[in-house]
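The residues making up each chain are set out below.
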Amino acid sequence: MKAWISKGWRPFLVIILLFIIWESTIRVFEVPAWLMPSPSEIWAEGVASWSTFTGHLASTTLLTIGGFVIGCTIGIGTAVGLHLLPKVREAIYPLMILSQNIPIIVLAPLLVIWFGFGLLPKIIVITLICFFPVAVSALDGFRQTNAEYILYMKMSGATKSQIFRKVEWPHALPSIFSGLKISATYSVMGAVISEWLGAQKGIGVYMTLASSSFRTDRVFVAIFMIMMLSLVFFGIILLLEKIMIKWNRKEER
Amino acid sequence: MTTLSIQNMSKYFDGELILDELSIHVEEGEFVSILGPSGSGKSTLFHVIGGLFTPDSGDIQLDGKSINGQRGTISYMPQSPSLLPWRTVIENVMLGQELHGKRDRDKALCMIERAGLKGYENAYPDDLSGGMKQRVAFIRALVSPQSFLCLDEPFSALDEFTRLDMQKWLLSIWEEDLSSVLFVTHNIDEALFLSDRIIVLSTRPARVQKEFKVPFPRPRDKEILLTEEFLKWKTSIFEELSQYV
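Chains as they are written, first to last, in UniProt numbering: chain A, 1 to 253; chain B, 1 to 245.
If we strip away everything but chain A, and leave its shape as in the complex, we get (with noise of 0.2 Å):
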């Protein structure tokens, strides 16, 4: 904790100095509410209207943790079948990569022409983000295990599951770490774009309805509700990695 306060305080300084210099510059300039509101404006907005946000609010909160948590087990049960099957693994990875060059943004419209308004198009929204950049550090873990590590399983009279299981997994661990890191933190947005599409309540509808009806402070309460929900979700990933990798990685390799 103290570590902490001693690291925080400065990237903590800078994001109150931007709050001040964006209050005054609005005052000074009397730029109109519509327009750009100021950080205390948007704070009353955001106190005023909490009661009606919070439903929003958990709408987007169980659809990012329903996505993310479908993405990811797709994304680790497609990492550890291709490192299986290294066959597989060479025809597919190049459609991997290809698969996230498509723009979610012109997909998601598709996706409602194709399975409706309901639930299932926004979890594939969500999935779609998720399941890459944990597929993707999955992988290259366990591809990269150190060869005598290996070399003594084999010698050892090792099956290729037990190598799998004592050596290979272990050993990615750190790296899925890295993935289910930012698809946590994308995975909030995956939740906001989906709920564009069409949804009765989350945040992407409540941005929606605010910015078609020039309620720019509230646009804003969204942006920073988002910002605080990723930071969230990257917060609990960080804690489980640090439960369950308790060996010092300093002076891996």
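FYI, nobody ran anything at the bench for these hints, they're computed from the structure.
Warning: the hint list may mix true and false statements.
Computed cross-link-like contacts, BS3-like style, restricted to lysine-lysine with a CA-CA straight-line distance of at most 30 Å [what the hints assert, rightly or not]:
1) B:K118 - B:K168
2) A:K246 - B:K102
3) A:K166 - B:K102
4) A:K166 - B:K210
5) B:K210 - A:K160
6) B:K118 - A:K154
7) B:K42 - A:K154
8) B:K234 - B:K210
9) B:K168 - B:K42
Put chain B on the given structure of chain A with help from the hints.
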């Protein structure tokens, strides 16, 4: 207790002959060193014994049974300690046992104590010194269920002082247990100090060039490293090897 017998074993890689009609025999409780110039295929020999590759001709027998291409029949200590960094010392020591389904925590703890590592059972490898890691790797090999030990230049990465320490420690443990050992090294002093017999290999393709029976009585002390006789033996082995350098 175990005997290993390699009979006229040859191995090619990509059409190149690497191991040429090797015949090596290790008696029960015997410590045999394989000494050869670097690149002579010493490690390859171990990989063939360990079953990673099948010999192209000849036979490898453990206790009279052919083990060609069969993995997990020997207990192996590699050049680098190869301890898994996410496992504690005790978990690493039990790894060899785990692969064959029999965990014996008491035996592992007992060996950790004999290795002078008591109190480090739950430490991670990154917290240990190079010599300590090698000790852990050695007892991991010792408590593995296979009784024949193959040690592949285990001390080559250590500094001179640590190395001598480790050699003495290895002897003290081995002289109690008397497992059969095949030890690969490129260090003449090390081979003379540790072994009952030294087999000198030629450069590629590796053939058995010469065999020396080491006369020093056991238990050995590091004092013998300074004796006249030790130097005489060292000279004759050096001459045998120097034709390849």
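Open item on the list: Would the hint linking K210 (chain B) and K160 (chain A) be met if the CA-CA limit is 30 Å?
Closed with: 39 Å, violated
Open item on the list: Would the hint linking K246 (chain A) and K102 (chain B) be met if the CA-CA limit is 30 Å?
Closed with: At roughly 26 Å apart (the allowed maximum being 30 Å), K102 (chain B) and K246 (chain A) satisfy the hint.
- [ ] Could you grab the alpha-carbon distance between K168 (chain B) and K42 (chain B) and see if it respects the 30 Å cut-off?
- [x] 23 Å, holds
Open item on the list: Would the hint linking K42 (chain B) and K154 (chain A) be met if the CA-CA limit is 30 Å?
Closed with: 18 Å, holds
Open item on the list: For K166 (chain A) and K210 (chain B), compute the direct alpha-carbon distance and say whether it is at most 30 Å.
Closed with: Measuring from Cα to Cα gives roughly 41 Å; hence the hint is violated.
Task: Given pair status - K154 (chain A), K118 (chain B), alpha carbons within 30 Å - done: 29 Å, holds
Open item on the list: Would the hint linking K234 (chain B) and K210 (chain B) be met if the CA-CA limit is 30 Å?
Closed with: At roughly 14 Å apart (the allowed maximum being 30 Å), K210 (chain B) and K234 (chain B) satisfy the hint.
- [ ] Mind checking the alpha carbons of K166 (chain A) and K102 (chain B) for me, to see if they're no more than 30 Å apart?
- [x] 16 Å, holds
Task: Holds or violated: K118 (chain B) to K168 (chain B), with C-alpha atoms at most 30 Å apart - done: 19 Å, holds
The structure does not agree with the numbered hints 4, 5 stated previously, though it agrees with the rest.
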